[in-house]
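*Asks:* Order-wise, the sequence lines are chains A and B.
Under this note's numbering, think of the first position of the first sequence as 1, with each following residue one higher.
Under this note's numbering, think of the first position of the second sequence as 1, with each following residue one higher.
Hints are not guaranteed to be accurate.
For identical chains, the list gives no copy identity; a pair is met inside one copy or between any two copies.
No more than 20 Å apart at the CA atoms, straight line, and that leaves these computed lysine to aspartate or glutamate pairs for EDC-like [what the hints assert, rightly or not]:
(1) 260 to 65
(2) 346 to 182
(3) 206 to 139
(4) 206 to 69
(5) 206 to 144
(6) 206 to 374
(7) 289 to 273
(8) 260 to 290
(9) 346 to 380
(10) 260 to 155
(11) 289 to 194
(12) 346 to 144
(13) 260 to 334
(14) 289 to 197
(15) 260 to 387
(16) 206 to 156
These are calculated hints, taken from the structure and not from any lab test.
Values in this document were obtained by computation on a predicted structure and should not be read as measured data.
Protein chains: 2
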Amino acid sequence: MRLTALHSLRHSLLATMVLTALLAGCQTTPDALRGTGDLGVIVERATGSLALVDTSHQRQLARIEGLGDLSHASVKFSRDARYAFVFGRDGGLSKVDLLTGDVTARVMQSGNSIGGAISQNGQLVAVANYEPGGVKLFDSANLELVADIPATWQDENGHEQRAKVVGLVDAPGNRFVYSLFEAGEIHVVDMNGETPELMRFTQIGKNPYDALIDPSGRYYIAGLFGEDGLALLDLWHPDAGVQRILPNYGRGEERLPVYKMPHLEGWAIAGNEAWLPAVGRHEVLIADKDDWSLLDRLPVHGQPIFVMSRPDQRQVWVSFAHPDNDVVQVIDTETREIVATLSPGKAVLHMEFTPRGEQVWISARDSNRVTVYDTRTLNEVARLESESPSGIFFTDRAHRIGL
Amino acid sequence: MRLTALHSLRHSLLATMVLTALLAGCQTTPDALRGTGDLGVIVERATGSLALVDTSHQRQLARIEGLGDLSHASVKFSRDARYAFVFGRDGGLSKVDLLTGDVTARVMQSGNSIGGAISQNGQLVAVANYEPGGVKLFDSANLELVADIPATWQDENGHEQRAKVVGLVDAPGNRFVYSLFEAGEIHVVDMNGETPELMRFTQIGKNPYDALIDPSGRYYIAGLFGEDGLALLDLWHPDAGVQRILPNYGRGEERLPVYKMPHLEGWAIAGNEAWLPAVGRHEVLIADKDDWSLLDRLPVHGQPIFVMSRPDQRQVWVSFAHPDNDVVQVIDTETREIVATLSPGKAVLHMEFTPRGEQVWISARDSNRVTVYDTRTLNEVARLESESPSGIFFTDRAHRIGL
Numbered sequence: 001m002r003l004t005a006l007h008s009l010r011h012s013l014l015a016t017m018v019l020t021a022l023l024a025g026c027q028t029t030p031d032a033l034r035g036t037g038d039l040g041v042i043v044e045r046a047t048g049s050l051a052l053v054d055t056s057h058q059r060q061l062a063r064i065e066g067l068g069d070l071s072h073a074s075v076k077f078s079r080d081a082r083y084a085f086v087f088g089r090d091g092g093l094s095k096v097d098l099l100t101g102d103v104t105a106r107v108m109q110s111g112n113s114i115g116g117a118i119s120q121n122g123q124l125v126a127v128a129n130y131e132p133g134g135v136k137l138f139d140s141a142n143l144e145l146v147a148d149i150p151a152t153w154q155d156e157n158g159h160e161q162r163a164k165v166v167g168l169v170d171a172p173g174n175r176f177v178y179s180l181f182e183a184g185e186i187h188v189v190d191m192n193g194e195t196p197e198l199m200r201f202t203q204i205g206k207n208p209y210d211a212l213i214d215p216s217g218r219y220y221i222a223g224l225f226g227e228d229g230l231a232l233l234d235l236w237h238p239d240a241g242v243q244r245i246l247p248n249y250g251r252g253e254e255r256l257p258v259y260k261m262p263h264l265e266g267w268a269i270a271g272n273e274a275w276l277p278a279v280g281r282h283e284v285l286i287a288d289k290d291d292w293s294l295l296d297r298l299p300v301h302g303q304p305i306f307v308m309s310r311p312d313q314r315q316v317w318v319s320f321a322h323p324d325n326d327v328v329q330v331i332d333t334e335t336r337e338i339v340a341t342l343s344p345g346k347a348v349l350h351m352e353f354t355p356r357g358e359q360v361w362i363s364a365r366d367s368n369r370v371t372v373y374d375t376r377t378l379n380e381v382a383r384l385e386s387e388s389p390s391g392i393f394f395t396d397r398a399h400r401i402g403l
Numbered sequence: 001m002r003l004t005a006l007h008s009l010r011h012s013l014l015a016t017m018v019l020t021a022l023l024a025g026c027q028t029t030p031d032a033l034r035g036t037g038d039l040g041v042i043v044e045r046a047t048g049s050l051a052l053v054d055t056s057h058q059r060q061l062a063r064i065e066g067l068g069d070l071s072h073a074s075v076k077f078s079r080d081a082r083y084a085f086v087f088g089r090d091g092g093l094s095k096v097d098l099l100t101g102d103v104t105a106r107v108m109q110s111g112n113s114i115g116g117a118i119s120q121n122g123q124l125v126a127v128a129n130y131e132p133g134g135v136k137l138f139d140s141a142n143l144e145l146v147a148d149i150p151a152t153w154q155d156e157n158g159h160e161q162r163a164k165v166v167g168l169v170d171a172p173g174n175r176f177v178y179s180l181f182e183a184g185e186i187h188v189v190d191m192n193g194e195t196p197e198l199m200r201f202t203q204i205g206k207n208p209y210d211a212l213i214d215p216s217g218r219y220y221i222a223g224l225f226g227e228d229g230l231a232l233l234d235l236w237h238p239d240a241g242v243q244r245i246l247p248n249y250g251r252g253e254e255r256l257p258v259y260k261m262p263h264l265e266g267w268a269i270a271g272n273e274a275w276l277p278a279v280g281r282h283e284v285l286i287a288d289k290d291d292w293s294l295l296d297r298l299p300v301h302g303q304p305i306f307v308m309s310r311p312d313q314r315q316v317w318v319s320f321a322h323p324d325n326d327v328v329q330v331i332d333t334e335t336r337e338i339v340a341t342l343s344p345g346k347a348v349l350h351m352e353f354t355p356r357g358e359q360v361w362i363s364a365r366d367s368n369r370v371t372v373y374d375t376r377t378l379n380e381v382a383r384l385e386s387e388s389p390s391g392i393f394f395t396d397r398a399h400r401i402g403l
């Protein structure tokens with residue numbers, strides 16, 4: 001709120017240029033000078049707005065509007081943690097200045113998009129598009145188009161087709177990795193040369209629907225909607241090709257009713273273990289990170305959607321699909337026991353830990369609120385009103401590989 | 001430079017309050033509005049100053065002076081990444097505003113100090129003191145003293161003594177962990193209650209001289225000056241006490257000539273391996289992170305000081321003690337081969353990776369320069385003049401456990 005007020009003030013000041021306005025402008029300016037390390041945004045899907053928040057004081061600072069359709073929107077941050085790049089479902093890409101609240105650039109870059117990524121050096125913003133299927137790359141400074149890479153593939157009759165792009169992530173070495181839904185392919189784009197250099201992996205499995213990259217940026221893992229198992233690409237050894245892991249991971253022979261396919265981004269890494277949401281089952285799975293064998297299945301409250309590790313890896317927090325989505329469970333990674341079942345509100349959509357993990361913010365869309373918990377005591381420490389909140393993103397993501 | 005100029009301008013503006021000054025003030029203000037995610041500081045030990053740098057453009061923005069004796073100084077950042085806390089060797093603790101260049105608070109808090117830490121929630125700054133031996137805790141907002149914890153211990157005659165404090169780190173749960181040099185003890189302070197709660201581990205080994213905490217904040221490892229081996233405390237299981245690991249780690253029976261004890265902070269974690277500097281030998285050691293057995297010894301150019309992992313863990317960069325300290329070597333963590341031997345200048349003192357690892361900054365004290373390398377091509381991308389540069393610290397440390 002305050003930043004928005006400041007911002008309009010700055011504009012009226014430039015317009016009128018009277019002494020009183022100048023005084024007011026100079027007096028308020030120091031308030032806008034602030035570090036950006038404790039900022040974050042909450043996507044308000046119903047109103048197409050972002051709530052700008054401060055994680056040091058658990059408060060909302062401003063609301064930023066005019067960002068189009070933000071259902072299923074995601075956000076990345078600039079290298080200096082000043083700007084948020086907002087990927088709207090309607091193909092809109094917006095650059096938002098967190099210090100002024102301005103939308104400094106905005107392009108309608110496709111008809112339908114599903115998220116994006118920012119290059120390791122911060123200079124490129126990539127967007128994954130459904131329609132027309134492909135990846136567009138923009139200069140992060142001004143959102144000018146740098147490259148347009150259609151997601152083409154050859155169907156069984158040898159005809160060239162375009163596919164929806166999903167699971168787009170950044171990888172070390174200024175590369176981007178993504179999957180082609182209809183094609184069953186994974187593509188890697190190297191942006192170090194004059195033109196994009198594309199590497200294709202075909203027949204990786206039927207209908208990849210989402211993907212993740214591990215925190216070191218080595219392993220890219222795509223989930224498959226059309227069959228069981230997951231597709232793994234080791235980016236240190238692209239020549240070895242894509243291998244299949246966790247062959248029983250999926251809906252299985254029984255074709256379980258799945259209320260929502262789990263997000264892969266949320267996989268937790270705890271020591272040598274990967275904790276992941278089972279598909280369609282009320283279980284969290286634990287796999288060995290070295291050979292991807294299944295180590296354990298933990299019964300939980302519902303079909304898990306996000307399975308996220310507290311930054312110190314001692315806890316895993318789990319959210320669930322409808323109709324069990326009014327609950328979040330906390331699991332101790334050592335004992336593998338559920339230590340708490342919390343009720344942050346109706347339709348829990350996302351969770352975001354503060355950078356060093358002392359708190360977690362949880363959005364409950366149908367309760368119009370975000371609840372902040374102390375992760376040590378598991379007590380509620382703050383509650384923010386928000387319009388249909390969904391994704392929550394903090395600026396420390398600017399400094400993490402694949403986030 | 002620009003920030004310093006701006007800052008004096010803002011002050012004269014407040015003093016004179018004339019229209020022209022006001023106009024100038026308002027026009028220049030937007031330049032000072034900036035994200036703080038790509039800022040960093042370089043400690044200039046000879047002049048007791050900090051060079052404020054921007055890692056997006058590899059340039060110096062300002063010089064901040066008046067910080068006392070900065071030989072062997074270290075730096076931590078506030079939770080919002082706006083302020084640097086500078087721990088001087090002379091016991092001075094300064095809070096520096098990276099946006100204005102102001103020293104906003106400064107206390108001479110002891111006669112001789114050796115670094116500090118910031119609590120998980122960002123509210124407390126802790127300083128490790130040699131003289132008088134102990135830890136002081138300050139409110140990070142204004143540097144007011146919150147607690148003074150003398151490092152007391154009972155000697156063999158039952159007399160209470162004070163010890164020098166070394167290896168102070170933050171740990172999850174608003175705790176601090178540190179070692180007592182003369183006592184051979186590790187202490188853990190829990191700052192969650194009304195008063196500090198102290199847990200003591202005695203007889204952990206002779207003369208701990210430095211320590212590290214792993215990136216998850218679980219394992220605290222102290223190096224021993226007085227005997228071989230290292231002391232390990234598992235903070236998930238403090239009741240299990242301190243155990244000894246790597247029993248041959250140290251100077252050994254032959255009492256090797258050691259030019260400088262290696263820094264423990266610099267240990268690299270790559271997958272399940274810990275890469276560490278051998279003491280007194282021209283070797284980098286590789287240990288198994290699960291059982292701390294020694295897996296390999298790699299011959300290198302000299303006695304290693306820092307052994308640091310690129311954030312994606314594919315490379316380890318190694319700096320060396322005198323007289324081999326004009327060289328840095330790069331090792332491939334998979335093949336364990338030295339892939340490059342670089343010459344960043346004379347008396348290399350520190351290395352700092354950009355948050356996602358695309359570049360590394362290396363200080364060469366006796367060449368009065370900092371060299372920036374592209375970690376993919378290993379080419380030099382920039383060179384900055386600096387007065388006897390030593391430690392380099394980037395603001396993303398604000399978001400990491402133990403940094």
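*Asks:* Against this structure, judge whether each hint is valid.
*Replies:* Quick rundown of the hints versus the structure:
Taking CA atoms no more than 20 Å apart as the test, residue 260 paired with residue 65 passes in neither setting, with 29 Å inside one copy and 57 Å between copies. Taking identical chains as interchangeable, the C-alpha atoms of residue 346 and residue 182 are never at most 20 Å apart, the minima being 34 Å within one chain and 57 Å between chains. With identical chains, the CA atoms of residue 206 and residue 139 are never at most 20 Å apart, being 33 Å at best within one copy and 56 Å at best between copies. In this assembly of identical chains, residue 206 and residue 69 lie within 20 Å of each other by CA distance neither inside one copy nor across copies; the values are 29 Å within and 63 Å between.
Within a single copy, residue 206 and residue 144 get their C-alpha atoms no closer than 34 Å, and across copies no closer than 61 Å, so neither meets the 20 Å cut-off. For a Cα distance limit of 20 Å, the shortest separation of residue 206 from residue 374 qualifies neither inside one copy, at 41 Å, nor across copies, at 38 Å. Taking CA atoms no more than 20 Å apart as the test, residue 289 paired with residue 273 passes in both settings, with 5 Å inside one copy and 14 Å between copies. In this assembly of identical chains, residue 260 and residue 290 lie within 20 Å of each other by CA distance neither inside one copy nor across copies; the values are 28 Å within and 37 Å between.
Only within a single protomer do residue 346 and residue 380 lie at most 20 Å apart by alpha-carbon distance; the minimum there is 16 Å, versus 53 Å between protomers. Proximity of residue 260 to residue 155 under the C-alpha cut-off of 20 Å is found in neither arrangement, the shortest distances being 28 Å within a copy and 64 Å between copies. In the homo-oligomer, the alpha carbons of residue 289 and residue 194 never lie at most 20 Å apart, since the shortest distance is 36 Å inside one protomer and 41 Å across protomers. Taking the closest pair of Cα atoms, residue 346 and residue 144 never come within 20 Å of each other, the shortest separation being 40 Å inside a single copy and 43 Å across copies.
Within a single copy, residue 260 and residue 334 get their C-alpha atoms no closer than 28 Å, and across copies no closer than 39 Å, so neither meets the 20 Å cut-off. Taking the shortest Cα distances, residue 289 and residue 197 never come within 20 Å of each other, neither inside one copy (30 Å) nor across copies (37 Å). In this assembly of identical chains, residue 260 and residue 387 lie within 20 Å of each other by CA distance neither inside one copy nor across copies; the values are 22 Å within and 58 Å between. For a Cα distance limit of 20 Å, the shortest separation of residue 206 from residue 156 inside one copy, 14 Å, qualifies, whereas the shortest one across copies, 71 Å, does not.
Hint compliance for this structure: hints 1, 2, 3, 4, 5, 6, 8, 10, 11, 12, 13, 14, 15 are not met, and every other hint is.
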